[in-house]
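Enquirer: We have chain A already, so just place chain B on it with the hints.
Number of protein chains: 2
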Amino acid sequence: MFGKITMKLRDVKDISYNKSSLFHGAIMELLPYEYGKQLHLSQLRPYSIHLEKENDIWSLVVATMNEDAYSIIVEQTLSKLDKIYIKHDDEIVYIDEKIINAVPKKLITRAFYNSETSKVLEIRFITPTAFKSKGDYVFFPDLRLIYQSLMKKFDVSSDDGFLFDPDILDELCRGSKIISYNLRSIYFQLEGVKIPAFTGNIKIKITANQTISNLINMLFEYGKYSGVGIKSSLGMGAIKIIKGGINIE
Amino acid sequence: MFGKITMKLRDVKDISYNKSSLFHGAIMELLPYEYGKQLHLSQLRPYSIHLEKENDIWSLVVATMNEDAYSIIVEQTLSKLDKIYIKHDDEIVYIDEKIINAVPKKLITRAFYNSETSKVLEIRFITPTAFKSKGDYVFFPDLRLIYQSLMKKFDVSSDDGFLFDPDILDELCRGSKIISYNLRSIYFQLEGVKIPAFTGNIKIKITANQTISNLINMLFEYGKYSGVGIKSSLGMGAIKIIKGGINIE
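Protein chains in written order, with this note's numbering: chain A, 129 to 377; chain B, 129 to 377.
Each hint can be trusted.
Given that identical chains are not distinguished, each listed pair holds provided it fits within a single copy or across any two copies.
Computed list of lysine to any residue pairs in SDA-like fashion (alpha-carbon distance at most 25 Å, straight line): (1) K247 to Y315; (2) K260 to Y309; (3) K368 to L273; (4) K260 to D270; (5) K331 to G320; (6) K305 to G328; (7) K147 to L209; (8) K305 to G320; (9) K260 to N329; (10) K247 to G263; (11) K368 to N310; (12) K333 to Y315; (13) K331 to L273; (14) K371 to F268; (15) K333 to L318; (16) K147 to I307; (17) K211 to N183; (18) K305 to I369; (19) K322 to T335; (20) K322 to S304; (21) K371 to L235; (22) K247 to C301; (23) K331 to L318; (24) K211 to E319; (25) K262 to I306; (26) K305 to K322; (27) K132 to Y241; (28) K305 to T327; (29) K211 to W186.
Treat the hints as calculated values from the structure; they're not laboratory data.
If we strip away everything but chain A, and leave its shape as in the complex, we get (with noise of 0.2 Å):
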């Protein structure tokens, strides 16, 4: 199950992307003491939590990517929550309104294995975006280490099979590239680091056949829950699919 709840926040003030590692600080503290417990020692990410700003109204955004995360985050915790308390401002931040959107896994995955999908994808970073590589950050959408990332975390909170492998991102890479952009650098601020990182669009064509266009297709499409990069549990690297994805209605 794939799982995503929208809080739309009211009156916020002095809020920026930066914000949403307080947000997750309050929120890892609503949820029971034994699945935290379990999230940190396990040190899974199976969600990923982020700001974003739609018509002038800031909205908490948490995604989960496996039945625990959605039956425990969204279902018994966030699905009731009216208000959250950020300790680090000490101030509380009133919910006006809730949207849950809930996908089952296998409705993503049957469509790629029937579904003609686009051999061209628009995406959008709406979040600062950063990648490490050799120890170093990448700011720019690298397509071998978006895919990389995407196939990661898709493992991670995978209960069966996996998916990544070198061979299948050497393909990837080789059948799809980068046609065109609208980007820029911005910092993102975690605990006084700033981590440098990209938001905006670009648009890829795929090369390949049908079997791995599916698959690059499937991969944004997870990423809509996942976020891809760094931090993505923090903020960073949540997306939106403007062209392309699953189409799963």
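Expert: Chain B in isolation, oriented as in the chain A frame:
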């Protein structure tokens, strides 16, 4: 002698960066026959031509990179011009005002040896910029391709000494990196072919010693005349230095 003539164009409509190749053709026709033949035969391009827009006024800018080009193209030909005939559109474009800048090459190279150049550069790519690498177009500002292009252009227009050296290129790449950017892709249309390119700003931080820093700053100072990347004689790859360069005043 590095020279530059900026010709403000009167009431031009339907103009875009792509049109600079038509102006290039018109200017070539104005040059003395022998000099034009010499440029053509030697494949030398000791000049760059581009269109730019400032405060809603379009200018045609022609820069030259050696004595002959300055003397023949700027002084003898363009400084006297009050209109340009564009054959392709059967259109006469009038010139309102001309600004000529001339800088002895020595001033730039001497400044290189003395000055304490900036360790942070900000470069604006004002017309569509692209590179060719391994047969493919590259439409990201890869520092290696930028430095290589500037060094090779410098050498082509130079009468004395060569700058390009693979080891120095390695040093420049090791000693500098892009720390922020704001870029978008754009097509440059040339004789029906759409060349993928980019425009926008990058900020470069130099971590290497002062000698390398001076060289990088000098290369970009030179790039104000030569342009960077492919087709700079036809309107691509024009840059402005927002921060850095060699202060020759």
